[in-house]
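Line by line, the protein sequences are chains A and B.
Residue numbering for the first sequence follows the numbering used here, beginning at 1 and increasing consecutively.
Residue numbering for the second sequence follows the numbering used here, beginning at 267 and increasing consecutively.
What the hints contain is simulated information worked out from the structure, not anything from laboratory work.
Quick caveat: nothing in here was measured; it's all calculated off a predicted structure.
A few of these clues could be false.
[What the hints assert, rightly or not] Examples of chain A residues toward chain B, derived with CB under 7 Å:
id, residue
1, N49
2, R75
3, R79
4, L105
Note that the Cβ used here is the ideal one computed from N, Cα and C, for glycine as well.
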Amino acid sequence: MLELKKLTKTYKTGDQALKEIDLQVPKGQVLALIGPSGAGKSTLIRCINRLVEPTTGSALLDGVDLAKLGSSALRKARREMGMIFQEYALVERLTVMENVLSGRLGYVGFWRSFLRRYPQSDVDEAFRLLDRVGLLHMADKRADELSGGQRQRVGICRALIQNPKLLLVDEPTASLDPKTSRQIMRLITELCRERDLAAIINIHDVALAQMFVPRVVGLRLGEIVFDGPPNGLTSEMLTEIYGEEDWEATIEAIDEDDDDSVEAAE
Amino acid sequence: MSQMQLEDKLGMAWRKPPFVKSPALRWALTAGFIAYMIAAFATIEVNWGRVYEGLDRGWAFVLAFTSPDFVSRASDIWEGLVESIVMTVAASVVGILISIPIGLGAARNIAPLPVYLVCRAIVAISRALQEIIVAILLVAIFGFGPLAGFLTLSFATIGFLSKLLAEDIEAMDKVQAEAIKASGARWTQWINYGIQPQVMPRLVGLSMYRIDINFRESAILGLVGAGGIGATLNTAFDRYEYDTAAAILLLIIGIVMALEYLSGIIRAKVQ
Numbered sequence: 001m002l003e004l005k006k007l008t009k010t011y012k013t014g015d016q017a018l019k020e021i022d023l024q025v026p027k028g029q030v031l032a033l034i035g036p037s038g039a040g041k042s043t044l045i046r047c048i049n050r051l052v053e054p055t056t057g058s059a060l061l062d063g064v065d066l067a068k069l070g071s072s073a074l075r076k077a078r079r080e081m082g083m084i085f086q087e088y089a090l091v092e093r094l095t096v097m098e099n100v101l102s103g104r105l106g107y108v109g110f111w112r113s114f115l116r117r118y119p120q121s122d123v124d125e126a127f128r129l130l131d132r133v134g135l136l137h138m139a140d141k142r143a144d145e146l147s148g149g150q151r152q153r154v155g156i157c158r159a160l161i162q163n164p165k166l167l168l169v170d171e172p173t174a175s176l177d178p179k180t181s182r183q184i185m186r187l188i189t190e191l192c193r194e195r196d197l198a199a200i201i202n203i204h205d206v207a208l209a210q211m212f213v214p215r216v217v218g219l220r221l222g223e224i225v226f227d228g229p230p231n232g233l234t235s236e237m238l239t240e241i242y243g244e245e246d247w248e249a250t251i252e253a254i255d256e257d258d259d260d261s262v263e264a265a266e
Numbered sequence: 267m268s269q270m271q272l273e274d275k276l277g278m279a280w281r282k283p284p285f286v287k288s289p290a291l292r293w294a295l296t297a298g299f300i301a302y303m304i305a306a307f308a309t310i311e312v313n314w315g316r317v318y319e320g321l322d323r324g325w326a327f328v329l330a331f332t333s334p335d336f337v338s339r340a341s342d343i344w345e346g347l348v349e350s351i352v353m354t355v356a357a358s359v360v361g362i363l364i365s366i367p368i369g370l371g372a373a374r375n376i377a378p379l380p381v382y383l384v385c386r387a388i389v390a391i392s393r394a395l396q397e398i399i400v401a402i403l404l405v406a407i408f409g410f411g412p413l414a415g416f417l418t419l420s421f422a423t424i425g426f427l428s429k430l431l432a433e434d435i436e437a438m439d440k441v442q443a444e445a446i447k448a449s450g451a452r453w454t455q456w457i458n459y460g461i462q463p464q465v466m467p468r469l470v471g472l473s474m475y476r477i478d479i480n481f482r483e484s485a486i487l488g489l490v491g492a493g494g495i496g497a498t499l500n501t502a503f504d505r506y507e508y509d510t511a512a513a514i515l516l517l518i519i520g521i522v523m524a525l526e527y528l529s530g531i532i533r534a535k536v537q
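The shape of chain B in the complex, shown without the other chains:
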């Protein structure tokens, strides 16, 4: 390799080296991407006549938000809401409790390889199966109702929380944990003193976030028969009772926003 000469460099423009080195490959990739986008948009079929008809129905739905009807189906809404909240809280608590040991096991820097592989497999399975698919399966097994929803949400929580907890543990400051180990602490004490304080704020923040996801999911799961407010919402749509549906949606939005606000306060406290 020849020595770099300063004289050759002076007066030359400087550019950041491109991410893809070969110019031919770089241009081919760009052209390919643009061609794909054009082809993709070309395949979207829009039936404009149908859209025109649908606008009316959409507008009726939007108008319903100006006069939401909380009253005529009040008892159904209340029942669905309580069921959803119970389902959310129970599934979150169970899911979080199971996630913690799995998260510890899925962190490569603290778990031995066999444990790591098992825990990562559990996480992968939980994340690969979408909530709706799990819910359909569990409704088939346990029948209609909130039990299926509870199990679905617990299962989904495990994949979500374990993965993110494990990643946080893997990113922790190694020397703090090392210092605890050097004092002759046993494994449980090492986790409690060296690792837990480092990951606690994130664990609390993620748990709060998951509770709020679980509540929103519980509204969707009702559509496939897993109980909760979603079932009430589905019924309202089936009967074209958009004003009741609007009331339910407003309640869901309100609760999710309240949870968001609450999680902000809690996260600030544990920082």
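So that you can see chain A by itself, here it is in the shape it has in the complex:
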């Protein structure tokens, strides 16, 4: 469904953030993108919805080359790709409901959005999503009144109300505590399963990635150095991706986590 072909990004400074990335993501597959800071994870997903312009190469979403779209076609294509951000990126001074409904901006006209008169179907869907993530009672609170975990749930609702084919998730748990991190990862993967959504999840917590996703892609200095199931991430492989370090603790932690992740209910 999503196919990246020789996707390259060279910044003006001459730094090559992505080097001819080839990657295919089939429909409904959730994929974790791991790698050290500066490996190009964030650049990669931003090149897909063109918050960052790729230098060369193509990104095909259902056969449409996103890299070549004009501004109006790009807006339409962005509706198909929901994005979830590291620091939630909610508009702090808007209400939870306005934040969720802003995911429909690509579908409604300016005056409707300006007057906050969304179609009833959008409003119903927003309430349904908020109920699904357990925040229905917060609908009219301002986004900055929420806790980190709650904000990220609103961020998830905003991405899903777009009715996307693909979720681009940039470090969803980087500013959350370990328990909330797991809940958020579980929520994202569950929702992807429910809706048969593909997702690319940037994540630096290797153990967390291994716990929740069937496929892991390792990025180092803009190149894919690993692509396989989570249990393929051996100590040698992690050294290859991140550099020399004692990885035994990380790998052991995963085995234990598998047991108590069942208990850590939402």
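Using the hints, position chain B against chain A.
Okay, now just chain B, sitting in the frame of chain A:
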């Protein structure tokens, strides 16, 4: 470069590195500044005899505040005041409405370069020309009266508000706006959802502040013939009617303080 050794550092006093690295330059700058200050003060000429004479007149002016005369020129004061308020409100509304698009255009992070340069040029021109100079020019064109004052204040508001609004937009949180863009919003929706909520409190606060500046300026502009309470004040001074002048000044101070209080309340509400 040699490796820094811990032993060399232990027992050594530590000071914050000075702003100007070279000691010679640092001392030269300090000495130059002091010499300039001494020279500058030496050139101020004070005619103490004249000051002594003036003290009486000053004192009469201060005394007038104890018995301000609101009554004998009441209709002139009232007319001037209404004219000033109308001028202030009209100029503020027009100025703010024009400032918003120019402010958007003058923010480098959202405007394309040509638009940015044009808007920055407008801001620069508006800020370079002092109100009084603009007022003198406009009085020459449009004649005496509040129209010239209204245009002057509108023009000054644009430079002030656009610049500060643009700076606030440039300092906004980029990811909030990015998230709105990622949803496929069009440009107008992006501004409305991603940027407006972030800058609104500051825009309201600055607008209130500008209204209060405009009112004070309207009192000054009367001195060059641009209408308003300033014209009444000027007349009172010309006639040595210090008690009437005092009444006018008290009214101006009262209104400015009321505006200040009001803007405090409004700013707290929109935070």
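Each hint, compared with the structure:
no.	hint	result
1	N49	holds, 6 Å
2	R75	holds, 5 Å
3	R79	holds, 4 Å
4	L105	holds, 4 Å
Checked against the numbered hints above, the structure breaks none of them.
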